[in-house]
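**Q** The residues making up each chain are set out below.
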Amino acid sequence: MLRYLIRRIGRGILTIFVSVTLVFFIVRAMPSNPVTLMISPQMSEEAQQALMVSYGLDKPKSVQYVLYMKELLHGNLGTSFSKRIPVTEYLAEKLPWTLLLLAAVMVIVIFVGIGVGLFAAAHKGKLADRLINIVVTMGISVFIPFMAFLLLYIFAFKLRICPTGGAYTPPKGAGLSFYLDVGKHLILPAVALSITNLANAVLYTRNSMIDVLHEDYIRTAYSKGCDSKRVMKVHAIKNALIPTVTVIGMQIGIMVGGATVTETVFSWPGIGRLVYDSVNALDYPVLQGAFLVMAVAVVIMSLLTDLVVAWLDPRIKLGG
Amino acid sequence: MKERKGFLYYFVRNRNGMIGLIGVSIIVAIGLIGPIFIPKPDGYTADILIAPCAQHWLGTDNLGLDIFAELVWGARTSLYVSILAMLISGVIGIPLGLLCGYTRGWLSEVIDALIDIFMTLPMLPLMIIVAAIMGTSITNVALILGIFSWPQLARVTKNSTLKIREMPYIEAANCLGLSKPRILFKHVLLNASGPVFVDMTLVMASAVLTEASLSFLGLGDPTTWSWGTILKRAWGQNAVISSPNPWWWWLMPSLCIVVYVVCFNLLGTALNDCLNPKGRE
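Order-wise, the sequence lines are chains A and B.
Each residue of the first sequence is one higher than the one before, starting from 76 at the first, in the working numbering.
Each residue of the second sequence is one higher than the one before, starting from 1486 at the first, in the working numbering.
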């Protein structure tokens, strides 16, 4: 177990390192210079140079890289070019919103996705199953902005029961009414973002449940005299969920950054939108910080996924 | 020859596959032939935001341009992007997957780790940055999509190569003293091509989704029509939540994207079922 954890964490750190390095050099390949966005034409040549020096952009890229990595190990992600505040502070302001969105997506996917998947498996080949299959095929192929548009059109424009964007109605309130307000703003982006995952969860749960029900141990359980409720609960569902958990886990990790489009459509103040805004502002430190957060999220989620799968399936011996 | 006949036999009887094939054929036909008859929508006219009618089948946008014409030109862009992206990811991913699956030792380990790491990188944000660097042209978008979708293809190639590597006929080819590249490309690749081919149709489907996302975020090509670009402009004018609602403006491009992706996915799944003896039911 310990050896397994060490190996996994080692690989995780390697992934994070590659991601950070890649982004460091990619952002510096951008054709325009971030300083030109910050300075006014009246600024003298020396003042421009001083600005470059203060951001460390005058040094060669390799030196910048070593400096950046050194600071990173001390937990310092630098200062945002556009906001002039520490990147950690900026990210800390955005991250909770993304996590809130992801938590909502996860709740939808786990409860609705697995529920519908099990229902479809139980009614395999019947009309309900075939209808679910059609919806799922569409769901996997759906273009997220389209989903967002449909939801906005129906719930925000026609029915007027949901707000069209943002995370809360300004000014930022407090207490119960604030939480209710955030909840109202959360529904549409969460549903739009969860569609693809939801479809995958249904598909994997259904197919693996159908496979599991043919396994020998299910027959054994029945012949031991277990009633079907117990067979389902103890023997079938736990095993059937393994592929579902793997898929959901990987996708949730990737979604920390993959939510860019959804967050843009709904003006949700999360990490995905931050990436988009920072590209336009040429804000290198923020981009680097955002990618660090995303890489860490993916690594943590994939480790968690493996642990959950190992718990679900005692045959898997971690470190074996 | 027998194997091939078997595949066609099952494919023709696969309803989803036939729907997908017909859909893909129609899209290809529209994308290839449509722009010959329909001039490229450009500039502006006075017929602003007209609902679908006899003259403008799918209505017009805020510049008075015909949505149907924009969609036809968009189909060509989608095809161009997805074919180019598929080819590029194939050129990178298939040889790497072959090498990773066929060789043993450090090379295989390195490629395997590379695939693993690339699969976990946040692709869309990375593509956004690279698209911003390379500038907005439709060929650049296709290049980016190809460069970033190879890991998936490499993994599929690797997995199916791993199985074939152990086959007796590969051993026989080795005993005959055939050269490595000949064994790899003629004997291994040809036999591994089923799942690889299937995955390439799926790459084409996801390429269109990603292209639409990039165009929607304003990183597409402003000089050509793409379904994502139409959506971006509609979104920029608040078309979804403005009253009276020009629903045709945002609904039609979205539907085109969904139909395109569904057709390619159906085709890919059906190919998979028919090439794989287990899936033939």
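Be a bit skeptical, because a hint or two may be false.
Stated by the list, open to error - Pair ranges (Cβ atoms, derived):
id	chain 1	residue 1	chain 2	residue 2	range
1	A	Val182	B	Pro1666	48 to 54 Å
2	A	Met325	B	Ser1678	24 to 30 Å
3	B	Asn1676	A	His289	26 to 32 Å
4	A	Thr163	B	Asn1659	53 to 59 Å
5	A	Ile209	B	Ile1521	32 to 38 Å
6	A	Phe194	B	Lys1671	44 to 50 Å
7	B	Ser1593	A	Thr96	21 to 27 Å
Calculated directly from the structure, the hints in this document are not laboratory data.
Virtual Cβ for every residue (Gly too), placed ideally from N, Cα, C.
**Q** Indicate, hint by hint, whether the structure satisfies it.
**A** Taking the hints in turn, this is what the structure says about them:
| no. | hint | in the structure |
| --- | --- | --- |
| 1 | Val182(A) - Pro1666(B): 48 to 54 Å | holds, 52 Å |
| 2 | Met325(A) - Ser1678(B): 24 to 30 Å | holds, 27 Å |
| 3 | Asn1676(B) - His289(A): 26 to 32 Å | holds, 29 Å |
| 4 | Thr163(A) - Asn1659(B): 53 to 59 Å | holds, 56 Å |
| 5 | Ile209(A) - Ile1521(B): 32 to 38 Å | holds, 35 Å |
| 6 | Phe194(A) - Lys1671(B): 44 to 50 Å | holds, 48 Å |
| 7 | Ser1593(B) - Thr96(A): 21 to 27 Å | holds, 23 Å |
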